[in-house]
Amino acid sequence: MTAVTHPARPAHTPAVAGRFIARLALMALVWLGMNGTDWSSWLVGGPVVFAAAWVSVRLLPDTRWRLSAGGAIAFAGFFLRESLRGGWDVARRALSPALPLSPAIVCFPLHLPPGSARLLFCGAISLLPGTAVVAITVGSICVHVLDASPRVEEELRELEDHVAGMFGLRLPEPEEAS
Amino acid sequence: MIVVDVLTGVLLLAALFFFVAGTVGLLRFPDLYSRLHALTKADNVGLGLTVLALMLQAENWPEVFKLGLIWVMVLAASATICFLIGNEAYRRGQTPWTRRSP
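Note that the protein sequences, when read in sequence, are chains A and B. Counting from 143, one number per residue, gives the positions in the first sequence under our numbering. Counting from 382, one number per residue, gives the positions in the second sequence under our numbering.
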């Protein structure tokens, strides 16, 4: 996603090495999951895991967050429920003879900080009922909605809270608006 | 085993429903933005149900894991592509279709 500016990153710090090792462990875990106890697979897996960790650190060197396990599970549950609802909603509209749509593009202020949390938020929006991100600026996002209603903003706030919970972030209290 | 096979069948039929609905939406929806909705959301659920059905038939855990990974990766790709297409249309100033009041 574009239009998100990052501060200049230090190229090589001790933290990079730590991050590399953490990614290495993560990639190794994925390989283990895919191949089980077939130890000879590591002949290929070793170099692949190493290369994947290296690419990952190169492309996404900076992650100033930690995942909250409870938040991640809560998010997964929320995401599954909502994506089922989203699929059902769009299927119903597509198959209904009257084609019940009243689309619009609406913009909302963003509360999540730039980076992975915001990326996940924007990705999830596009998979949840009736909303798809069409533009992201520094402080706001524009969303195409299938059915313009005041409930959209409420739902986005709920999603934002879930994403924040998953990343162990605390969002600023929403200003008492209109 | 019969229960598992029946459940697999039910999940696949449900998946089929969502894929068909997504395709119908792609054909019937009036503009690019709403078609994006039809494709991303319905196919997300369709693929999820397909993956679940296949997981029930998997012979070992690595297979289950791989199927799950496929779903997550397709979701990531689908959300990203949805944004890229929608964003490009938006930047070109394409206005969303709205229903004219009669």
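Don't take every hint at face value.
Claimed, not checked - Pair by pair, the computed Cβ-Cβ distance ranges are:
no. : chain 1 : residue 1 : chain 2 : residue 2 : range
1   : B       : A457      : A       : R223      : 33 to 39 Å
2   : B       : V401      : A       : P251      : 24 to 30 Å
3   : B       : A457      : A       : G188      : 47 to 53 Å
4   : B       : I462      : A       : R223      : 19 to 25 Å
5   : B       : V455      : A       : P251      : 27 to 33 Å
6   : B       : V401      : A       : V158      : 28 to 34 Å
What the hints assert, rightly or not - Reference excerpt, derived from the structure (chain B facing chain A, CB under 8 Å, subset only):
no. : residue
7   : G390
8   : S415
9   : A439
10  : N441
11  : F446
12  : Y471
13  : R473
14  : G474
15  : P477
If you're looking for bench data, these hints aren't it; they were derived computationally from the structure. Note that CB positions come from ideal geometry on N, CA and C, so glycine has one too.
Quick rundown of the hints versus the structure:
1. For the pair A457 (chain B) and R223 (chain A), the beta carbons lie near 19 Å from each other, so the given range of 33 to 39 Å is not met.
2. Distance hint check: the CB atoms of V401 (chain B) and P251 (chain A) are about 38 Å apart, inconsistent with the given range 24 to 30 Å.
3. For the pair A457 (chain B) and G188 (chain A), the beta carbons lie near 25 Å from each other, so the given range of 47 to 53 Å is not met.
4. The given range of 19 to 25 Å is respected by I462 (chain B) and R223 (chain A), whose C-beta atoms sit roughly 24 Å from each other.
5. Take V455 (chain B) and P251 (chain A): their Cβ atoms lie about 31 Å apart, and the range 27 to 33 Å holds.
6. Between V401 (chain B) and V158 (chain A) the CB atoms are about 49 Å apart, so this pair departs from the stated range of 28 to 34 Å.
7. For G390 (chain B), the shortest C-beta to C-beta distance to chain A is roughly 19 Å, which exceeds 8 Å, and the interface hint is violated.
8. Taken as an interface hint, S415 (chain B) checks out: its beta carbon lies about 6 Å from the nearest beta carbon of chain A, inside 8 Å.
9. Using the Cβ-Cβ criterion of 8 Å, the hint placing A439 (chain B) at the interface with chain A is not satisfied: the shortest such distance is roughly 12 Å.
10. This hint holds: N441 (chain B) has a C-beta 6 Å from the nearest C-beta of chain A, less than the 8 Å allowed.
11. A cut of 8 Å between beta carbons decides the hint on F446 (chain B): the least distance to chain A is about 4 Å, and the hint holds.
12. Because the smallest distance between the Cβ of Y471 (chain B) and any Cβ of chain A comes to about 4 Å, under 8 Å, the interface hint for this residue holds.
13. Below 8 Å, beta-carbon pairs count as interface contacts, and R473 (chain B) has none with chain A, the closest being about 11 Å; its hint is therefore violated.
14. For the restraint placing G474 (chain B) at the interface with chain A, the shortest Cβ-Cβ distance is roughly 11 Å, beyond the 8 Å limit, so the hint is violated.
15. This hint holds: P477 (chain B) has a C-beta 5 Å from the nearest C-beta of chain A, less than the 8 Å allowed.
Figure legend: structure checked against the earlier numbered hints; hints not met, in rising order: 1, 2, 3, 6, 7, 9, 13, 14.
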